[in-house]
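Can you make the complete structure from the sequences, with help from the hints?
Protein chains: 2
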Amino acid sequence: MKIAVTGKGGVGKTTVAGILARLFSDEGYRVLAVDADPDANLASALGIPESQYKKITPFSKMKKLAEERTGASGGYGSYFILNPKVDDLPEKYCVEHQGVKLLLMGTVEQGGSGCFCPEHALLKSLMKHLLIEREDVVIMDMEAGIEHLGRGTAESVDALLVVVEPGRRSIQTAMQIKSLAEDLGLKRVFAVGSKVVDEADVQFIRKNLVDLELLGFVYLSEEVKKADLEGVSPFDVGGMVVEGVRSIKARLVAKLNN
Amino acid sequence: MKIAVTGKGGVGKTTVAGILARLFSDEGYRVLAVDADPDANLASALGIPESQYKKITPFSKMKKLAEERTGASGGYGSYFILNPKVDDLPEKYCVEHQGVKLLLMGTVEQGGSGCFCPEHALLKSLMKHLLIEREDVVIMDMEAGIEHLGRGTAESVDALLVVVEPGRRSIQTAMQIKSLAEDLGLKRVFAVGSKVVDEADVQFIRKNLVDLELLGFVYLSEEVKKADLEGVSPFDVGGMVVEGVRSIKARLVAKLNN
Numbered sequence: 067m068k069i070a071v072t073g074k075g076g077v078g079k080t081t082v083a084g085i086l087a088r089l090f091s092d093e094g095y096r097v098l099a100v101d102a103d104p105d106a107n108l109a110s111a112l113g114i115p116e117s118q119y120k121k122i123t124p125f126s127k128m129k130k131l132a133e134e135r136t137g138a139s140g141g142y143g144s145y146f147i148l149n150p151k152v153d154d155l156p157e158k159y160c161v162e163h164q165g166v167k168l169l170l171m172g173t174v175e176q177g178g179s180g181c182f183c184p185e186h187a188l189l190k191s192l193m194k195h196l197l198i199e200r201e202d203v204v205i206m207d208m209e210a211g212i213e214h215l216g217r218g219t220a221e222s223v224d225a226l227l228v229v230v231e232p233g234r235r236s237i238q239t240a241m242q243i244k245s246l247a248e249d250l251g252l253k254r255v256f257a258v259g260s261k262v263v264d265e266a267d268v269q270f271i272r273k274n275l276v277d278l279e280l281l282g283f284v285y286l287s288e289e290v291k292k293a294d295l296e297g298v299s300p301f302d303v304g305g306m307v308v309e310g311v312r313s314i315k316a317r318l319v320a321k322l323n324n
Numbered sequence: 067m068k069i070a071v072t073g074k075g076g077v078g079k080t081t082v083a084g085i086l087a088r089l090f091s092d093e094g095y096r097v098l099a100v101d102a103d104p105d106a107n108l109a110s111a112l113g114i115p116e117s118q119y120k121k122i123t124p125f126s127k128m129k130k131l132a133e134e135r136t137g138a139s140g141g142y143g144s145y146f147i148l149n150p151k152v153d154d155l156p157e158k159y160c161v162e163h164q165g166v167k168l169l170l171m172g173t174v175e176q177g178g179s180g181c182f183c184p185e186h187a188l189l190k191s192l193m194k195h196l197l198i199e200r201e202d203v204v205i206m207d208m209e210a211g212i213e214h215l216g217r218g219t220a221e222s223v224d225a226l227l228v229v230v231e232p233g234r235r236s237i238q239t240a241m242q243i244k245s246l247a248e249d250l251g252l253k254r255v256f257a258v259g260s261k262v263v264d265e266a267d268v269q270f271i272r273k274n275l276v277d278l279e280l281l282g283f284v285y286l287s288e289e290v291k292k293a294d295l296e297g298v299s300p301f302d303v304g305g306m307v308v309e310g311v312r313s314i315k316a317r318l319v320a321k322l323n324n
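So the sequences go chain by chain: A and B. Just add 66 to wherever you are in the first sequence, counting from 1, and you've got this note's numbering. Just add 66 to wherever you are in the second sequence, counting from 1, and you've got this note's numbering.
A hint or two may mislead.
Same chains, same label: a pair holds when it works inside one copy or across any pair of copies.
Stated by the list, open to error - Taking lysine-lysine pairs in the DSSO-like style, the calculated list, with each CA pair at most 30 Å apart, reads:
| # | residue 1 | residue 2 |
| --- | --- | --- |
| 1 | Lys273 | Lys291 |
| 2 | Lys244 | Lys291 |
| 3 | Lys292 | Lys244 |
| 4 | Lys120 | Lys321 |
| 5 | Lys244 | Lys129 |
| 6 | Lys315 | Lys151 |
| 7 | Lys244 | Lys120 |
| 8 | Lys158 | Lys273 |
| 9 | Lys130 | Lys120 |
| 10 | Lys291 | Lys315 |
| 11 | Lys273 | Lys130 |
| 12 | Lys121 | Lys321 |
| 13 | Lys194 | Lys158 |
Derived from the structure by calculation, the hints contain no laboratory data.
Here it is, written out as structure tokens:
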């Protein structure tokens, strides 16, 4: 199962992705968590100590590896292999914690017309490998731009979860994501309400999210904020937020199995 | 005066940028507000109605304009002008509201080695023009990656404000921004504490922000959340948040004048 989690910055996307990964792992699945948002920190949401993840370089910054694998050496304008070998990379460059393997993708966004480079080719191949060839459960924490999903890989994503909070900009971002996802051919797009405080927040989200099926709500939690301040993973804190994600996961799995 | 505002997604960066722009405009300055974060919405923070800003295309998406101005036409590999004429663009493509001119930059991130395109050349020239040649007060809402600032333009930014909330990831992002800013030669980097609820939040930020001068704090406000849900600009709501930004602005201006 391949699940991508996205949404406006600060809505709780990484918390949802981290808890989802730990829940699947708890059930015995082999889980690959992919951090593809340079502004997020999936490692700490998974409970990986800072000392451990500080050592990892994101793939987007591995210029040498990209050049080696693509055969690029001559600089701008030279030819290079567009589908480099990558199947050994996830094992080689991951950190493992509580049964979850974490990969740091980083991001190399494509510019406009004709903008391409070895790092980009490496990321694209890696994404294809993770989504199409891997048997594991893959949970991917992505930027709102969902730039990482190309036309070829998007159809291998079983579900795109768009996390929204009770706020207009978060809803606007969700609507943009939905239309981007449609352009890419991604069919199963769902929303998750996050950081809701009361029934008015729930109603605001229900009313404003047009044509996007809601899988459920995660309440704003003082415990999660505190856990974050103390450097503890929200999954290990447990409580309301974990239970919220658990029921969202159950609903999602049921939908995908139908 | 050129001020760039940045920080992790969701910390209140756009709210701070929007209020700053409106405050300068209220004092009679000509203000250019630049939305350079595709995940933000500076327009609504400025109080510009959705019907008005929905009509604008960000510069990053103006492929035709980029091709016209750079003379690029032959696709990948063809030559084009790297410093196209842009000085007429701010007036041509802005929306004006309460004395603030808003420009939508969008983003065309540079990939790795040799990754370049006409859209990128256009944005780069425009950024240079705004920061180096303009007399206006420029308030720029940027991504945490501060990718828009190249080595040549960064030194024209009078101050970079990094907005942080009481949360570990927000602090980590701030530290990354600080080191990126140093690499670019940006000297005046300040922090603004945002979404603080109590003294413990203030202390958490003070304790964890190493080597980054704090200009002040903006408290979490139910009014701002409500205003957002109703589509009203936080500046027009007034109250605690606006007063917080007002005193931060006063401290900043005093620092820059010294």
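Consistency of the hints with the structure:
no.	hint	result
1	Lys273 to Lys291	both (27 Å within a copy, 17 Å between copies)
2	Lys244 to Lys291	both (29 Å within a copy, 24 Å between copies)
3	Lys292 to Lys244	between (32 Å within a copy, 25 Å between copies)
4	Lys120 to Lys321	neither (37 Å within a copy, 34 Å between copies)
5	Lys244 to Lys129	between (32 Å within a copy, 23 Å between copies)
6	Lys315 to Lys151	neither (33 Å within a copy, 52 Å between copies)
7	Lys244 to Lys120	between (33 Å within a copy, 17 Å between copies)
8	Lys158 to Lys273	neither (46 Å within a copy, 36 Å between copies)
9	Lys130 to Lys120	within (19 Å within a copy, 42 Å between copies)
10	Lys291 to Lys315	both (22 Å within a copy, 28 Å between copies)
11	Lys273 to Lys130	neither (49 Å within a copy, 37 Å between copies)
12	Lys121 to Lys321	neither (38 Å within a copy, 37 Å between copies)
13	Lys194 to Lys158	within (17 Å within a copy, 42 Å between copies)
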